[in-house]
Structure formats: structure tokens, C-alpha cells
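Using the sequences and the accompanying hints, generate a full structural model.
Number of protein chains: 2
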Amino acid sequence: MYINTVSHYLPSEVIGNEYFTNINNLSHEWIVERTGISERRKASPEENTSTMAMKAVEALLENIPYSKNEIDLIIGATYTPYDTIVTLAHAVQHQLQIPDIPVVSISSACSSLLNAIEIVEGYFALGKASKAVVVVSDHNTAYYNEMDTVSGHLWGDGASALLISKERQTDSDMEIKNLITGGAATSGKAIEAVVLRPNDRGVIMPYGRDVFQNACQYMPKVSQQVLQACGLTIDDLDYLIPHQANHRISLNVINTLGIPVEKLISNIQYLGNTGCAGCAIALSENKDKFKKGDNIVITVFGGGYSYGAMLITI
Amino acid sequence: MYINTVSHYLPSEVIGNEYFTNINNLSHEWIVERTGISERRKASPEENTSTMAMKAVEALLENIPYSKNEIDLIIGATYTPYDTIVTLAHAVQHQLQIPDIPVVSISSACSSLLNAIEIVEGYFALGKASKAVVVVSDHNTAYYNEMDTVSGHLWGDGASALLISKERQTDSDMEIKNLITGGAATSGKAIEAVVLRPNDRGVIMPYGRDVFQNACQYMPKVSQQVLQACGLTIDDLDYLIPHQANHRISLNVINTLGIPVEKLISNIQYLGNTGCAGCAIALSENKDKFKKGDNIVITVFGGGYSYGAMLITI
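Residue numbers (our numbering), protein chains in the order written: chain U, 1 to 314; chain Y, 1 to 314.
Treat each hint with caution, since some may be false.
Because identical chains cannot be distinguished in the list, a pair is counted as satisfied if it fits within a single copy or across any two copies.
[Stated by the list, open to error] With a cut-off of at most 20 Å between alpha-carbon atoms, the simulated SDA-like pairs for lysine to any residue come out as follows: (1) LYS189 / GLN217; (2) LYS189 / GLN97; (3) LYS128 / LYS221; (4) LYS287 / GLU262; (5) LYS128 / ASN69; (6) LYS128 / ILE176; (7) LYS177 / GLU262; (8) LYS177 / LEU126.
Since the hints were made in silico from the structure, they are not lab data.
The following block contains the structure:
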């Protein structure tokens, strides 16, 4: 599989830490020390998960190396849906005006990017598709409680889209060498540590410490596994893009793996936790930085729990 | 692919049409004439999408022909989620206590059953799984407005689970011969006809007529396609299980296909529209009725829009 192009969309409103100082009495220093976050984006009242997804796809189409009508699969992902019936994948199908192709939206929370790409891999293996759009979008501020002093300041909004083909399309395609996903609902406080019950209250994280510990365990482990599966070691890794949940988790992960901070790609400092969109946005933001032959691992961990890793070679 | 066993769960509370006569002044005769529905089930305050899913899986395990620990994939489906982070698939993984297998939940609204099975098909093709649980559950009454005289009386709650393997496990396995899914967000009023925006109001159906027309068009068409793909004609069909949205739609579909009413399997009369669970519940309810060699088509149509058909041979 090959990533032909990747794009992202960020809402324009920037919310600095002073916002949470004002409403929750949390200082900038306190937030930065615990999370690494200085600011995050917030969708406008006119925006939602689906409009952000469509904006990301709009940007994707600017660099599509073939006719958009060749797209034969759309997989959407979000845990902060605007509409669970007209899902974000359906909104994108309507936008693209491509009829009669498989279209579905998924959630494995913050791990959804890799589950979505693995589903694409399955359609490619079946011969039921050969060119897919994966679109990840989270509108965390639609479901958060900004007064929640535990997690209100963590969340940001954003979206990203990837165009993925079975066969190589151009010299600049990024090759997906391997991809592993797993549910970990059997671990720790998986089924209560972070939850989003739309009919109850929004996203809450009653056991942040358990999330932290499991994220720090699963992401290094599965990153090693995906490298090993390709006959590589950690020394062959050029960049790591971990799920952007908390900068301290990211630093813990690279410390466990024994890789220098120069190889860590992060956007949590200025975007907060953008959910399942975070790693894809980071890939999109940094695409011009990568050199031919670079090995990049994206590794994710999400509520529920779920985890995964994907090795990309430029 | 083979369905090894199928189960279902229905909440115990029965809501008859007189309930809607009392609150909305809709007569039993009026509801039956327009929808075919006489009663439907309603989950108790302690129940939700995930608990119903787990009850269906509990029933599934009673007839599992191998160790539950051989299950290596869980796909959940719902458009009425209890939790979008700890999804129903994660709740089921926790229930089954099987670590480190792919776990994800999806939505293509009322079409989700077939999208879920197609995703399983992909994992089987990749060799990443060989025995999957698909669990479909909709808790419509958590998101409906019972005072909505347009669609309040349509909805019911329920869940179903299927155990699906790549290779045949027993003589009584049902074989999945072919499966087609498609998004149809380009058709009619797809992106506004039926919506469920958790942060706005619940499920509403402002363009029921458009849903009706598209359902009556897509389900017969894709049913023909799935038969043709297997070298069969409509005369080879023993039973049709259409999405249980409205009995008039089902009658229209069999009329278009030219098949007698004896070949139509329905549960909408006593369950209402149980969303993506409806067809799977019908398969489970009728499994003892099927004879060796019977050809059954399940065909779905859902908001967004999406459609699909699956041919099963007993």
C-alpha cells in the first residue's frame, strides 16, 4: 500500500492556556509541565466533524495524482461524530460525488487512524478497491467540558485525509510496509478510564493515570513489533509519530525505545490532543521534511483501549 | 466465509401502538397501515447499546462450536452508541477477555451489518484473522423523540451477534457466497433525509418519502446483483430478509423482485425498526426454519445513504 498524498485542516481559532487560567485557575506553567500543551484549535460554531473532514479532503484533492473519480473506497474515523447516520464518510462521498463505492465510518477512539488503514488493506486484499480516501476528524470541543480541570485543557479539534493506493502511483508515494492493530479492552481500567457517552455527559477521563501507564507500555511494544516484522531495528527508525495525547507520554515512549528527541515528531504543543486526527496531521505537516528512504513509525493508543503501529518508508 | 452461529437479544419491555395513541394520538390502525408495526421493544434504563451487544454475545457463546479463545477479530456496529470511545466492540472484547486482536466499531447506519461482515472478509483475505465476532446493536429509544409523530413510533431496540469463520467449522454452517456494499450519499436527499446528531437532537427523518423511494430502488437492485454474481436468478432464492425499516418497503421490494410473500422474512411487525440489528435478528430467529441448500439474501438500506446485499447458502 502507498500513501499518495496526505492533507490536514485546522480550525482558525487558537485557544491559549490563559483561557483555562481564566476559567479553571490552571496556570500556563502547570498545564505545560503536565501535558506539554501551550495552545489548541477550536472549531467555530458553524464547523463540525464532517465539515472539517471535507475541508481536509478539499486540500487532499489539490495534490491528487490521478482523477478523483478513481477513488473506490472511503473510510471515515471519529469518536466525536456530528452525525452517526450521515457519517463523515458519507459526507465525504457526497462531497466527492462518487456513487456505488463502499463507504463506512469507524471508531477505535484515538487509534482509529490505523484501524481505518487496516480496513483499507483488507479491501485491497479482496480486490474490492484499489484507491481509498481515509479521513480522520475529531471535534473534541463538541463533547468536552471546558470546566473539567482534569482533561478540559487537553483537547483540540482537527482533521486529516490520506489518499492510499494498492499500487505505487508516483515516485513520491510513501510506502506502508507493515501495520498492526490490537484492542486492549482487557487491560487495566480500559473500559472506564476514558469514556464518551453522548447521552450522558461528554468525554471524561476518570483514570488518566491508567491511560498514561498503558499508553507508555503499548506504544513502544507495538512499535518494536512493526519494525521487527520488517526485519528492522530501532536504529533504522528515522522518525516516530506517537499518538498526540500528552507530551510526557511521547517522551516516555522515546525513552523506553531509546531514541533521541530529534526523531520525535509532535504537534501536541500547539494543537493539543486532536484525537484520531493527531498523527495524520503530524504526517501531513512534516511531509516535506522526509527524505527518500526514511523509516517512519506512527504508533497509536486510544481509549477503550486500542493500540497500533504502522511503518512507512519514504 | 461461514456463519457458524447467530444469536440475538431483545429487551423485555414491549411497547404497543396504544402507547403512541396515548401520547401522540396516532391510532393502531394508522400506524399498522403506514408501517406494518404493531409493537416494538424498549431497553430498560439499565440497558444500553453495549449491554445489549454483550447479551447477544452471551447467547452466541452457548452454541460456539470451538473455544471462544480462537476468536481473533471483533467488529461492532451501531449508529446509536452508548460510548464512542469504549465502543461496543471494546465492551465485547472485555467481556470475552481475549487480548491483542483487532477490535473496531463501525457505522453505515442501518446498513452496518453488511459493512461489518465485509470488513471481516477483508481481515480474512489478509490472513490477519480467521474467526470473527460481528455484533450489531441499536438502542434507538436512547436517541429518539417519542413525541415525534413522523418517526417516533418506528423505532425498537435490539442486538444480534454472528460468529463467522474463514473455513467451514461444522455441517450446519451457513456459507456466505457473496457480499456487496455501497455508499449512496450521492442519491436524492441522502445527507439530510434521516440524521442522528447526538449534540443536536436525536434521530429525525425529515424526508421519509425520499428514504422510502431510495430503499425501494436500491434493495431490489443489489439483491439481483448479488445473485447474478453467483450465477443465480431470483427463482433460486428461498428467502429474502430486507432491512426492517417499514413493512411497506419490504412488500414493495418483493413486488419489484417478483417473489411471493412466503419468501419474505420480517420481524418489523413486533420489533419495529431495530436499525442495523434487524436483519441479523431475523436470521437468528429463523435459523431452525432453513433447510440444506436454501439460498437466502439479506439486503440492507440505510440513512446516509448506504446499501448492500449478501447471499447465504445453508
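Can you list which hints this structure breaks, lowest number first?
Number 7 - this is the single hint that the structure violates.
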